[in-house]
Amino acid sequence: MNTTERHALPLLITALLLAPVQAARSDDFTKADLERWKQEYMTVVDQGEKLFHGGLQSKNTVSCDQCHPDAANTHPETYPKFQQQLGRVVVLAEMVNWCIENPLESDPLALDDPRMVAIQAYITEQRRKVPLDPGEH
Amino acid sequence: MNGMTRRRFLRQGGALLAAGSLPLSLVEIAFGKSSPENFSFAFLSDSHITHIKGKEFVRNWDRGLIRAVAETNLLDPRPDFIFYGGDIAQLGTPEEIDHGLELLGGLRGDIHYIMGEHDYYLDLGEHWRKQLGPDHYSFDHKGVHFVVLNSILTYDEWTHDKWDTPLRRMKEMARLDNPQGSPFMVGEEQRAWLRNDLAGIDKDTPIVVMSHSPLQKIYKGWNFWTEDAEQVQELLKPFTKVTVLYGHVHQIQYNQIGNISFNSAMATAWPWPYPASFTQEASYLPRLTVNMNRADPFFERDATGWQFINMHTGDVDVHYILPDNRNRVVAFNDKLGHPADTVYQPEPDRIPPQRHY
Chain A
-10 MNTTERHALP
0 LLITALLLAP
10 VQAARSDDFT
20 KADLERWKQE
30 YMTVVDQGEK
40 LFHGGLQSKN
50 TVSCDQCHPD
60 AANTHPETYP
70 KFQQQLGRVV
80 VLAEMVNWCI
90 ENPLESDPLA
100 LDDPRMVAIQ
110 AYITEQRRKV
120 PLDPGEH
Chain B
237 MNGMTRRRFL
247 RQGGALLAAG
257 SLPLSLVEIA
267 FGKSSPENFS
277 FAFLSDSHIT
287 HIKGKEFVRN
297 WDRGLIRAVA
307 ETNLLDPRPD
317 FIFYGGDIAQ
327 LGTPEEIDHG
337 LELLGGLRGD
347 IHYIMGEHDY
357 YLDLGEHWRK
367 QLGPDHYSFD
377 HKGVHFVVLN
387 SILTYDEWTH
397 DKWDTPLRRM
407 KEMARLDNPQ
417 GSPFMVGEEQ
427 RAWLRNDLAG
437 IDKDTPIVVM
447 SHSPLQKIYK
457 GWNFWTEDAE
467 QVQELLKPFT
477 KVTVLYGHVH
487 QIQYNQIGNI
497 SFNSAMATAW
507 PWPYPASFTQ
517 EASYLPRLTV
527 NMNRADPFFE
537 RDATGWQFIN
547 MHTGDVDVHY
557 ILPDNRNRVV
567 AFNDKLGHPA
577 DTVYQPEPDR
587 IPPQRHY
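Chain order of the listed sequences is A and B. The working numbering puts the first residue of the first sequence at -10, with every later residue one more than the last. The working numbering puts the first residue of the second sequence at 237, with every later residue one more than the last.
Simulated from the structure, these hints should not be mistaken for lab results. Take the hints with a grain of salt, since some may be wrong.
[What the hints assert, rightly or not] Mimicking DSSO-like on lysine-lysine, the simulated pairs with C-alpha atoms at most 27 Å apart in a straight line are:
1. K407/B <-> K48/A
2. K39/A <-> K289/B
3. K70/A <-> K20/A
4. K439/B <-> K39/A
5. K291/B <-> K48/A
6. K456/B <-> K118/A
7. K291/B <-> K366/B
8. K39/A <-> K366/B
[Unchecked claim] In silico negatives: residues of chain A with every beta carbon more than 12 Å from chain B:
9. K20
10. W26
11. S52
12. P58
[What the hints assert, rightly or not] Ranges of calculated distance between the beta carbons of each label pair, as one might list FRET restraints:
13. K439/B <-> D35/A: 28 to 36 Å
14. R562/B <-> R25/A: 36 to 44 Å
15. T32/A <-> K289/B: 29 to 37 Å
16. E583/B <-> T19/A: 50 to 58 Å
Virtual Cβ for every residue (Gly too), placed ideally from N, Cα, C.
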C-alpha cells in the first residue's frame, strides 16, 4: 500500500460512515432499528439468564439462581446504595461480585466484562417496570 | 409437657439464641394444657449438601447443617424425636446423601426422614430408600397419629420420558425457577395408601402430616405447590385437628384451611425470597403469614434456621430458631382458630426487614 492509498482509505471509510448519518435525522429510527436493538438486548439477557443459572462455572458449583430464583430479591432498582458491610455506596455489579466471591467462592469479574453486563441485563429485565428507588434498603 | 417444663424449654431456647443463633425449628404438640401427653420434637430441613469433587463439599451448606445439629443437641428437655424435612442433598448422589447422613448422625435422638426432590430425581430415590427405608409411612406417638408422605413425585411422562440421563433430570428438577419443571404431587397410589391408613383412626385423634412440599398451592412457578393438594386435604377433612408441616420453601409460612393448620420449616442451607418479590407473576402466599426478615447476605447463616415444635392438645407451636434474628414463635391461636405469629401479627409491630420488595 503506498502513502496515498494509506491516507485515502480512512477518508473513504469516514465518508461512507458519515453519509448515512447525514441522510438520517436523529428521530428517524425505523421499526427494523427497534427490532434489532431489542433483539441485541434480549440476546444479552438470555446470556445473562444462562450465566445466572450455572453458566458462570463457579468453583464450588453454587449458582446465582439457587438463592435468587427468577433473580428475585436482587432489587436492582435500589442501586447505587450504601452497603454497610462494604462501607461505601456501590453499584449492582459490585454486589454481584460480592456474591461471586463469597457464596460462589469464585473470582470476581471486571465491571465491564460482557458476562457482568449480561448478568445485570438479566437481573434488571426480571425486575422490569418496577420504579427506581436508589438507596432503598 | 407441663407449664414449668415448657417455660424451661423456652428459656433454654432464649439462651440458645443469646449464645448466637441456631437454625432449627422445634414444634410442640399440645393436647390440652394440663395433659401429660404434651411433647416436643425438632424439625430440621433442606440442607442441600453439595458435592464439589473428591472429598470437597460446599462449606457454607455443611456449616448450616452442622450448626443445626449442634443446636438441636442443646435442647433441654430433649425432644421426643427429630424430623428431617427433605433435601439432604443437592443433586441426589450417594456422596451427598451419605455426607449429609454422616452430619445428621451427630443428632441425639431418633430421626424420621421425609423425601425431598433433590434426594429423589437422580436415581428415583433408590439410594435414599436403601439408607433410610420407605418414603411414606405412619406411626403413633402419645396419642398423635403422624403420617409421612412423599409429596415430590410428578407426572410419569416428565420423570420417565423427557430426559436423556438421570443427571439431566435431576438438574432440571433442582432448578427452582425452571420453566421446564413439573409440579409436585402425592399421586394416586399414595393417596389410596393414606385413605387406608386413616381409615382406622378415631376422628378426634390429632393428625400431623409431614411432607416436603406444601400440601397447598402457593406459587406454581417455584413449585411452592402440590398438584393434588385438594385431594389430600379432602382425605384429612373428617378429622377434628390436622397439622401439616413441610419443608422445601426455605422460609416461614403458615396458613389455615378449614380444619388443617399449615406450618413451614426454614432451611439450614439458604433462604428463599417470597414469591411475591418476583414481580412478573402472581402468587398466593397465605394471607396469615407475616414475612420473615429479609436475608442479610453478608451474614452467612442469616435467614436460615431450624425449628422445634411443642404439641399440646393436638395443636402445634412452631419455634423458629434463627441465627442473627430474633427467634419467632408461630402458635395455633385458639381464639382466632389459626396459627399466628406471637409477636409480629399486628402491622405496627412489624420491623422494616419484614417488608419484602
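Discussion item. Hint by hint, where does the structure go against what was stated? Just the numbers, ascending.
Written reply: Checked against the structure, the hints that fail are numbers 3, 4, 8, 11, 12, 13, 14, while the rest are satisfied.
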